[in-house]
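Novice: The chain contents come next:
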Amino acid sequence: MANQPIDAYAASLPPDKRESVYQSTKGTHEKRTKLLWDHFLDPNELRQTAGRIKQHVIENLDTLLPAAEAKLQANGVQVHWAPTAEDACAAVHGIMDARGATKLVKSKTMVSEEIELTPYLEKRGMEALETDLGEFIIQIDHDHPSHIVRPIIHKNRREIATSFEREGLGDYNDEPEVITRRARDFLRQKYLQADVGLTGGNFISAESGRLVLVTNEGNSRFCLAAPKVHIALVGIEKLVPRDRDLGLLLNLLGRSATAQQLTVYTEFITGPKSPTQPDGPEEMHVIFVDNGRTEVLASQCREILRCIRCGACLNVCPIYRQASGHAYRSVYPGPVGAVLSPLLAGKQFPELADLPKASSLCGACNEVCPVDIPIPDLLLRLRDKGKTEGAPKASIGVPPMGGWALMASQPTAWKAALAGGKVINHIPTKLIPFPPLQSWTSSRTLPEWRGGSFRKWMKNRPSK
Amino acid sequence: MISDRQLPAADRRVQLMATCLCDAFYDDVARATVEVLEHLGCIVEFPEAQTCCGQPAFNGGDWKASRKVVRHTVKTFTGDVPVIVPSGSCAAMVFHGAPLEFEKEDDAPAVDALARRTWELADFIVNGLGVKTWPGKFDAKIAFHRSCHSRGSGTSEAAISLLESIDGVTVAPFGEAEQCCGFGGTFSVSFPHISANMGTLKLDNVRAVEPDYLVSADMSCLMHMGGLAEKAGAPLKTRHFAQILRDALNPATAG
Ligand code: SF4
Chain E
1 MANQPIDAYA ASLPPDKRES VYQSTKGTHE KRTKLLWDHF LDPNELRQTA GRIKQHVIEN
61 LDTLLPAAEA KLQANGVQVH WAPTAEDACA AVHGIMDARG ATKLVKSKTM VSEEIELTPY
121 LEKRGMEALE TDLGEFIIQI DHDHPSHIVR PIIHKNRREI ATSFEREGLG DYNDEPEVIT
181 RRARDFLRQK YLQADVGLTG GNFISAESGR LVLVTNEGNS RFCLAAPKVH IALVGIEKLV
241 PRDRDLGLLL NLLGRSATAQ QLTVYTEFIT GPKSPTQPDG PEEMHVIFVD NGRTEVLASQ
301 CREILRCIRC GACLNVCPIY RQASGHAYRS VYPGPVGAVL SPLLAGKQFP ELADLPKASS
361 LCGACNEVCP VDIPIPDLLL RLRDKGKTEG APKASIGVPP MGGWALMASQ PTAWKAALAG
421 GKVINHIPTK LIPFPPLQSW TSSRTLPEWR GGSFRKWMKN RPSK
Chain Z
1 MISDRQLPAA DRRVQLMATC LCDAFYDDVA RATVEVLEHL GCIVEFPEAQ TCCGQPAFNG
61 GDWKASRKVV RHTVKTFTGD VPVIVPSGSC AAMVFHGAPL EFEKEDDAPA VDALARRTWE
121 LADFIVNGLG VKTWPGKFDA KIAFHRSCHS RGSGTSEAAI SLLESIDGVT VAPFGEAEQC
181 CGFGGTFSVS FPHISANMGT LKLDNVRAVE PDYLVSADMS CLMHMGGLAE KAGAPLKTRH
241 FAQILRDALN PATAG
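In order, the protein sequences belong to chains E and Z.
Heads up: the first sequence runs through residues 1 to 464, numbered per the UniProt record's numbering.
Heads up: the second sequence runs through residues 1 to 255, numbered per the UniProt record's numbering.
It should be emphasised that the hints constitute simulated quantities derived from the structure, not laboratory data.
Incorrect hints may appear among the rest.
To be verified - Derived SDA-like pairs (lysine to any residue); straight-line CA-CA distance at most 20 Å:
1. Z/Lys64 - E/Ser442
2. Z/Lys64 - E/Ala391
3. Z/Lys231 - E/Lys26
4. E/Lys71 - E/Ile58
5. E/Lys26 - Z/Thr200
6. E/Lys415 - Z/Thr200
7. Z/Lys64 - E/Lys71
The structure displayed is predicted, hence computed values, not measured ones.
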């Protein structure tokens, strides 16, 4: 019986890679838990409240989005709507074109990965440079992020040092300080030359139009210091109703993502520079990206749109820890990705229909999620969708259930099976042509079959 | 999902849902459950037509097949007395999973009604009957595995507090307790590599505290972990907590 693709990928992962992903996710997860319980009386209550706020957002996008647009415009921001990835890329390109801009520096944004902005711009002769250290390393290696918060969780510093040497950024040296300094020296020049600074957006307040950005390296500030144009790519679900909701969400985000009380840089941006400010972007654009989100909203899994991309569910997930991020073959890996990626894939859903299977449904993701997304329930709904739509990838390695269901709804057949099962005590399991049994016994023994024994005992004992 | 759980009536009549695993492999766990409930003065009925809770197909993604089995279960457990399940996972299937897959079905109310009167055993003893301590004696160091499908329910806390109240029992905490053992139903056969690795990590954490028994409220996790340990040539004694409770009452016959 074939294994599921993610299991096969995990089996092929070099043990040292798995070990480094395991140790770093475990470390962050444990620090996160300690920090939350040290600081708050009942973190679960906070997660649930945050979940209700974000649920309110996704259920009221029809009024909150126009409200946010109006506030942004009043703040001097130009607002664009991008129904598809192509539209979003074209919008960025259009803004650059209009100003004769050719050089763009990027702060970390998952949406730009999602819409594949960099290859789009490069094809049109424009430069788009990552400035987050991890994303920068991904870019020079022509690799893909394997974690939504720590894109290079799958790389060790020796690999990074080798890449830096190859790119002419200095002789081989794998000291983290040296690597960071070299990247910084290289990037400083690029910031000064850039025409456009591109960021994502962690939150936009519908009340004030404030764009909130959190980073740990401060690179987003550099992206907005010299360039004359600021473009923010923001998923349509990224709103919060009021400024005061940010207190709770930022407190949970820093702790959940990186086990910090607050990320090092939290920026509140209210528009382009005012005439009295000495520097900063003269133009600011917010591109609201849909790219399948309204379809997610209409689906049975809309709760996933509460996600604030903290990565805590990846860190706690035993499957992610074993398989790492590339196993998920999509921009969003781990439990959040197992729900979101197949949904965002739209018509290509069958291609990713196996992702919702990559879970023991243990529920650890739900337990850590700062916005309390019931991820296991959503995975289950997608499994049902995969089965109903007949996606072949969903059923690889999964025993067919029709015969079992028939038996389990007829007591006589059930009792006969209980008696008949005894054969497995006598025949070597190798010889029984039932693939799940072989898969089970490849690493485990099977207990003795005692089918029907309890029923006999129950029936024959003296009544009490 | 289902929160307004129905409490037992004064006559303490209950129905036992033995689970398919106990029906096929672990008859002693079902027996222990009956004896524990009877010790508490319950009158235990066993509806003969019962089969399985429907979880294998539910988790496997075949909700159509699963609903067929759930409908049979609903038909089998008639009446209004509490239904007791010696498995956190099967109990959660009845009070959470089944209502989820019946959301759009006409017979959802019947499924919800069964959900409201279904209890996992430890949760029932402590939070349903209000019994907080357990008599008898049992000399053992126990590692208690919190099965994942008991998350968010009273099961693990209840089982641990009952075990700790037994004279002679110590419950030893071990590392990474929140991590899954890797069973996960059909997951264990469609993700054999990851499943076995998860189980091995769990066993390493358990063995680090050198327990006499690995105990849980779910035989499925124990079947997986016990099977892994045995296959690896280093067997580990596993017990359902109901067996410990029962044996504590009869120290002479305990094994
Ligand atoms: S689903 Fe929850 S835990 Fe996972 S990344 Fe999103 S907000 Fe974080």
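Novice: To test your reading of the hints: which numbers does this structure violate?
Specialist: 1, 3, 6 and 7
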